[in-house]
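Chemist: Sequence:
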Amino acid sequence: MVAAVYAGALAAALFATGSATAPGVSSLETVGEFAPPNASVSSKAVTYNQSLVPSGTWIRVRQQTQRNGATTVQVRVTGIKAGHLFGVHVHQKACGADPAAAGSHYQDKAGTDSTHVNAANEVWLDFKSDSHGGGMATAQHTWTFRKGEASSVVIHSEPGMKGSRVACFTVPFGETS
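With mature numbering (1 follows the signal peptide of the UniProt record, and there is no 0) applied, the sequence shown covers -22 to -1, 1 to 155.
Keep in mind that the hints were calculated from the coordinates and are not lab data.
A virtual CB, placed ideally from N, CA and C, is assigned to each residue, including glycine.
Only true hints are included.
Here are the simulated lysine to aspartate or glutamate pairs, EDC-like style, with alpha carbons at most 16 Å apart: (1) 71 - 127; (2) 140 - 104; (3) 71 - 153; (4) 59 - 108; (5) 59 - 104; (6) 22 - 7; (7) 87 - 127; (8) 106 - 136; (9) 22 - 76.
Label-pair ranges, simulated between beta-carbon atoms: (10) 14 - 44: 36 to 44 Å; (11) 124 - 93: 18 to 26 Å; (12) 88 - 17: 30 to 38 Å; (13) 88 - 109: 33 to 41 Å; (14) 28 - 125: 27 to 35 Å; (15) 127 - 93: 13 to 21 Å; (16) 97 - 5: 19 to 27 Å; (17) 124 - 18: 29 to 37 Å; (18) 153 - 46: 12 to 20 Å; (19) 48 - 94: 18 to 26 Å; (20) 44 - 94: 22 to 30 Å.
My request is simple: use the sequences and hints to build the entire structure.
Modeler: Written as structure tokens, this is what we have:
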């Protein structure tokens, strides 16, 4: 129990930003610690490849929605493989023991051609981790999430549309306050 309290305090310190939500903006921040799918204690943050996303890696996802419908999503990770290019996308379903459980990328307008599969219609948060194993990315869109249709952030082994799913974090997108 003491270790869990310490870990929670450590995560809060690592991800403290000191910024408040502006008037007219609703916000939700979700923090998690990655564990393998077969861990004795279940986690909303699941790692499938511990060489890239080791157990104990922390993630924070912040979503902000403005009254005009604009949405900003920010992801911040610490403890991942240093100097690596990662692809990160919002997916439709919650994480599970199988990496495919998260389903497809969330899209504002559904489709499979190049006018639909792109960073303007999906949330792409690709980044290169720094020399200390930290990384951050932000995406802004003119649309909002449909409640219940975007449920996770998946970290891929490569940026863009390439790479295997190496970790997943369940996030209640569209439920800002």
